[in-house]
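Participant: Once you have looked at the hints, place chains G, S and X on chain H.
4 protein chains.
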Amino acid sequence: MPNVEDLTERVRAFAHERDWQQFHTPKNLAMALAGEVGELLAELQWLTPEQSAQVMADPELGPRVRAEIGDVTIYLVRLADVLGIDLVQAALAKLADSATRYTVEAARGRADKIKDA
Amino acid sequence: MPNVEDLTERVRAFAHERDWQQFHTPKNLAMALAGEVGELLAELQWLTPEQSAQVMADPELGPRVRAEIGDVTIYLVRLADVLGIDLVQAALAKLADSATRYTVEAARGRADKIKDA
Amino acid sequence: MPNVEDLTERVRAFAHERDWQQFHTPKNLAMALAGEVGELLAELQWLTPEQSAQVMADPELGPRVRAEIGDVTIYLVRLADVLGIDLVQAALAKLADSATRYTVEAARGRADKIKDA
Amino acid sequence: MPNVEDLTERVRAFAHERDWQQFHTPKNLAMALAGEVGELLAELQWLTPEQSAQVMADPELGPRVRAEIGDVTIYLVRLADVLGIDLVQAALAKLADSATRYTVEAARGRADKIKDA
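Chains as they are written, first to last, in my numbering: chain H, 1 to 117; chain G, 118 to 234; chain S, 235 to 351; chain X, 352 to 468.
Bound-form chain H, shown alone (with noise of 0.2 Å):
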């Protein structure tokens, strides 16, 4: 099974092939991965929330919603690249910092003890 690694490697290639490194740079890049954002929002912006926890079984909304997850994971995947960042290890340490901050005493069932994770 291909990992984070591998598809850092493909995506990298991908780019290199076509000669795309004079555009990735990490502004652009984040400009591109947050275009791509937009365009998964717009999949699920009329849907009420129920609707869009059911969005995967609809034929038609489903395929859109998996490529629009595919295309924000690339830009992603390949920002991390450029910038010299472990996606995993970044979101861990980002993770083990949320977890002091929101203990599960004061966060229970709080949505406004959400903002950061």
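No lab work stands behind these hints, which were simulated from the structure alone.
Fair warning: this is a prediction, and the values are worked out from it, not measured in the lab.
Take the hints with a grain of salt, since some may be wrong.
Said to hold, decoys possible - Distance ranges between label pairs, derived from CB positions:
#1 H:19 / G:171: 18 to 28 Å
#2 G:126 / X:408: 46 to 56 Å
#3 X:402 / H:111: 40 to 50 Å
#4 G:181 / H:105: 23 to 33 Å
#5 X:407 / S:333: 54 to 64 Å
What the hints assert, rightly or not - Computed from the model, here is a short list of chain X residues facing chain S with C-beta under 10 Å:
#6 416
#7 446
#8 450
Positions of the beta carbon are idealized from the N, C-alpha and C atoms, including for glycine.
Facilitator: This is chains G, S and X only, laid out in the frame that chain H set:
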């Protein structure tokens, strides 16, 4: 080394311990993802492309960018978990699709050919 | 009552007094706009649709949402000023275009018909 | 010349004629706004800052950027209408607040002082 599956389980446990499943609909998580990407953009918005390429060497900005990448990753992993999507597979599928739409010959060095990859 | 033109001049003066024109390229301002929209999303992300409809009545959230709307407006006005675009005219032109694509008959009560308006 | 109030009424009539009030919660409209800002970013993401400053002179990109600005404005105006917020007043209030936080003396030519304006 922890991988995406490990991270997915850790984020899921983090949410369940705090009884946050009720807030974690795909719609809400997509909004949270967009919010975190917005924070990432805010760190890079006034930098030149060249400055952005060196951002990780900055003792103040580097850790902030890494933390934002961590937050984005957490929400993307959580969203994929809730949707039942394998992030790496979804990205590889999209990359294969992009390879047919943006052939090396047609896309080499052309920024206007890279809307989706 | 001040109008959009007055606001545009005030925002422009604010930027010029601080010698910020150098940072205010369309690219950078679009990123800043996206960052502010991200902050707006963060205020609404965990609310139910019904709660979001009452958000201005909340003594804590209401002023925060209003402040984020203010920030979004400031950057949109500034971006339009730098691009030489009249916001109201651009919106009316797009609305006229949408009226032909989403006729009342075809679009009534259909969320899937409202991707662009 | 139509102003923001006229635009607000036109957008409201457009939505009501199509019975779209049911979809136009603040939460949904904020997502739609973010989606449109994402499309705007996509038009600018691969441009250099210098190219972005000339984008309106491009016969293909210029009209596309103007259309995206139109879409962003439509959703911002609609969101403000639904929230009962006066856009110009909200922006002026925020600008007055920023003037005290970013004094001309402290902020002149300093990008790191302009997170919020």
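Participant: When the structure is checked against the list of hints, which entries are broken? Sort them ascending.
Facilitator: Number 5 - this is the single hint that the structure violates.
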